[in-house]
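**Q** Based on the hints, put chain W in the right spot on chain U.
Chains as they are written, first to last, in numbering that gives the first Met the number 0: chain U, 0 to 318; chain W, 0 to 432.
Any given hint might turn out to be false.
Stated by the list, open to error - Chain U stretches covered by chain W per the calculated footprint, using a threshold of three residues with CB under 8 Å from any CB of chain W:
no., stretch
1, 60-74
2, 148-158
3, 173-182
4, 278-289
Stated by the list, open to error - Far from chain U, by Cβ distances over 10 Å, these chain W residues were calculated:
no., residue
5, K50
6, E162
7, T171
8, S233
9, A248
10, V338
11, H374
12, V413
Claimed, not checked - Pair by pair, the computed Cβ-Cβ distance ranges are:
no., chain 1, residue 1, chain 2, residue 2, range
13, W, D370, U, A87, 46 to 54 Å
14, W, D202, U, V34, 54 to 62 Å
15, U, E75, W, D34, 37 to 45 Å
16, W, E300, U, A87, 38 to 46 Å
17, U, T249, W, G287, 42 to 50 Å
18, W, G164, U, F86, 55 to 63 Å
Quick caveat, the hints were computed from the structure, so don't treat them as lab data. For each residue, glycine too, the CB sits at the ideal point set by N, CA and C.
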Amino acid sequence: MVNATLAPEATERAARDRSAAGVRGRARHRRRQAVVAYLFLAPTLLFYAVFLLLPLGFALLLSMSRWAGFDLGDIEPVGLDNFAGLFADGSTFLAPILTNTLLFALGTVVLALAGSVLVATCIDKLRFQGLWRTLYFLPIVTTVVAVGNVWKYMYEPGGLVNGVLNTLGLGSVAFLQDPDTALPAVVVVQAWASVGSAILVLTAGLKSIPESYYEAAALDGAGAVTVFWRITLPLLRPSLLFVCITQFLTGLQSFALIIVMTRGGPGDATNVAALEMYRQAFSYGDWGAASAAAFVLFTVVLAVTLVQLWLFRRKGEDA
Amino acid sequence: MKPALSRRHFALALPSALLVSGCAAPHRGTGRPRDPIVLTLLSHYASGELKTALQGPVDEWNALHDRVKVQTKAVEFTDLLTTFMVRQAAGQGADILHPYCLWNGQLVQAGVLRPAPPEHAEEIRRGYGTAAVGSATVDGNVYGYPTEMQTYALYYNKRLLREAGVDRPPRTWRELEDAAYRTARRDGYGNALVQGFGLSTFDDSTTVGQTLALLNAAGGRFVSADGRRTAIDSPAGRAVFDLERRLVAKGASDPGVNVYNAFASGQVAMVISAGWWTANLKALMGKGYRDVGVAPVPLPEAGGRRATLSTGFMLGVNTASECPREAWEFLRWLNTEKVRGATRMSALQVSVGSLTGRADDMRTLLGAGGDPNLHPFLDALAYAVPEPNVPGAQQAKSLLRKNIEALWTGQQSVDEALRTTRRQVDQEVSLSW
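Same shape as in the complex, but just chain U:
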């Protein structure tokens, strides 16, 4: 009753005060929530900063410096000299190293993609699918060193591959010693080793295609090839995009298999950017050149990924 007798201004002021207090309370609550949220995020952000931003910044600094890797006080700024050195006349970075890197990645993607589409489609029509998927996945859980060494022995003169060729009446091929066959020989192994993960993704993609499309195609009398080209492949495109991008990125950065099988040789026939970076930094103590090469490779990886995304998006697919 008392309140009802108060002047309207006082009532409004009281309402405003209450409203302002409410706003302040909500703001304080939101701030507190934000603080709590950041506290929960802090470990992740700290991890991100320590293991990504800090090394990235350090690598950027090194790419414009000269440093032998021993004493942090000896970092000497050199501007863009390291980048200029990579593309200078007579440098092997652009050709054959970067060219080999792209050929290695491209060859791996093409072979692994073709192989995995074929195998995944076959597996989709077989019994005991889990068993087949497991068998094809085995190379993924085998160490690169073991895979590389086994294939190295198979490729050797007198090895299994040459034994088969000899049985067919053909002469032996020095797969890893001939500069013309060394890179393709390693690409085959990398594709073989990575086909398992691609099969897993593509099998999942095949399972997600509604059966009704195939039933409709059967009613229309479409053959197996038409069904594959007109139904399976277009609807598999999101999975193909994922496999394509991840395999390409892996291929561009990979060097473990090469170091086991050929160590980049003969000559520079199988040398790739990641291997060269490793050598520049850890063997030659030229961390500046290694970091500059890393940034060039990063740019190439980014450009290739963007082009792939653009190409697939033109076809109406998202990654």
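**A** Quick look at chain W alone, frame taken from chain U:
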């Protein structure tokens, strides 16, 4: 009353304390006079008989000395340089380092190795052969006590040579080629059954090592005396590249084969390699080892002056060591004090089938008996040329290897290989200086 250390302060202090304790230097004693000192020694003697062989004298030192103790740390050889880098950058460098001498220029330039004090330098110059001292010297300064020394010589399979009608190991390149062509055999598909002369891309020592041994035998050098440019583009270098190219082209060599396995299996008649291999061959071949002979690296012409390649390791003291005087004292004890006529290091190396650059020790330890195949390596200590150890030597070696492989596989002609090696190595070595 507020507590002395609030919860917030404690939360900040705990990770900081953990971080600081984690990053702190390892325990090396208090540094106060007469307080105990622990010296760390980082080497690649990480496993097997090498680890045991080094631990023996270290344990002996620790038993004899109360104040200064030595603690060994070891990594695989492939990780050794990287470990030096990472530990040094983190302020955790070992007091005593055991680098491959090829890296000495790189380590000196980076300020990792401390020059030997004058009295130690003098002792090293006096006690070791020229090649050993050269390996441990950079720009005129001695940086450590040479330890394991490897010289290169020609291994040959007596049975294969005998079956091919060759009654003694080759002494000249003409004899070498002749024996290689006579012993080489292939099947109908082109697979090598026996390589006459084992050129192999297996690793640096098989590719670069044997090429440099032949180059030195021909009177050539890989880099100039001042270490600032390559010297392989010379008549001697051309002769070596020509010889190797001919051996591959005429089918006497098959660079793709792992020569270490193939020689032990009797599939290689001759190969140039280092002395350490004798111990491995004995273990691998068993009774078959009696067919193995070792001779000096053949010369281009009879009657020429002998030369071959030597490679090695040394023990040096880190510039970051807080107790350099004690570290050098330990090294002197290990490398120069004689027990039963030889130094502890020489006894250690001979026990694992290796040599040191102390010819007197080697003669005492090997004596008149022992494996006669080790004697050519021992003799070679007197005339071997040390592997270049200038700044950038590791990269120069890798570049040489790439060009040798390109030559063997026909990617480059002899002229191109020599020219490219000169251009690439000159560029890198000049950058390193």
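**Q** Take the hints in turn and mark each one as holding or not.
**A** Status of the hints after comparison with the structure:
1. Counting residues of the stretch 60-74 of chain U whose C-beta lies closer than 8 Å to any C-beta of chain W gives 6; at least three are required, and the coverage claim holds.
2. Given a C-beta distance limit of less than 8 Å, the hint that chain W covers the stretch 148-158 of chain U holds, as 3 residues qualify and 3 suffice.
3. By the rule of at least three residues with a Cβ nearer than 8 Å to a Cβ of chain W, the coverage given for the stretch 173-182 of chain U holds, with 5 such residues.
4. Coverage of the stretch 278-289 of chain U by chain W holds in this model, with 6 residues showing a Cβ closer than 8 Å to a Cβ of that chain against a need of three.
5. At roughly 23 Å, the least C-beta separation between W:K50 and chain U is larger than 10 Å, which holds for a residue marked as non-interface.
6. The beta carbon of W:E162 sits about 21 Å from the closest Cβ of chain U, which is more than 10 Å, so the claim that it is off the interface holds.
7. With 10 Å as the threshold on Cβ separation, the claim that W:T171 sits away from chain U holds: the shortest Cβ distance comes to roughly 29 Å.
8. For W:S233, the non-interface assignment is confirmed: its Cβ lies about 21 Å from the closest Cβ of chain U, beyond the 10 Å cut-off.
9. With a cut of 10 Å on Cβ distances, W:A248 stays outside the contact zone with chain U, its closest approach being about 14 Å.
10. For W:V338, the requirement that its beta carbon stay farther than 10 Å from each beta carbon of chain U is met, with the minimum near 36 Å.
11. For W:H374, the non-interface assignment is confirmed: its Cβ lies about 34 Å from the closest Cβ of chain U, beyond the 10 Å cut-off.
12. For W:V413, the non-interface assignment is confirmed: its Cβ lies about 14 Å from the closest Cβ of chain U, beyond the 10 Å cut-off.
13. For the pair W:D370 and U:A87, the supplied restraint of 46 to 54 Å holds, since their beta-carbon distance comes to about 51 Å.
14. At roughly 59 Å, the beta carbons of W:D202 and U:V34 sit within the given window of 54 to 62 Å.
15. For U:E75 and W:D34, the Cβ-Cβ distance of about 38 Å falls inside the hinted range of 37 to 45 Å, so the restraint holds.
16. Restraint check, W:E300 to U:A87: a C-beta distance of roughly 42 Å satisfies the suggested window 38 to 46 Å.
17. Take U:T249 and W:G287: their Cβ atoms lie about 45 Å apart, and the range 42 to 50 Å holds.
18. Roughly 56 Å separates the CB atoms of W:G164 and U:F86, a value that falls within the hinted 55 to 63 Å.
When each numbered hint is compared with the structure, no violation occurs for any of them.
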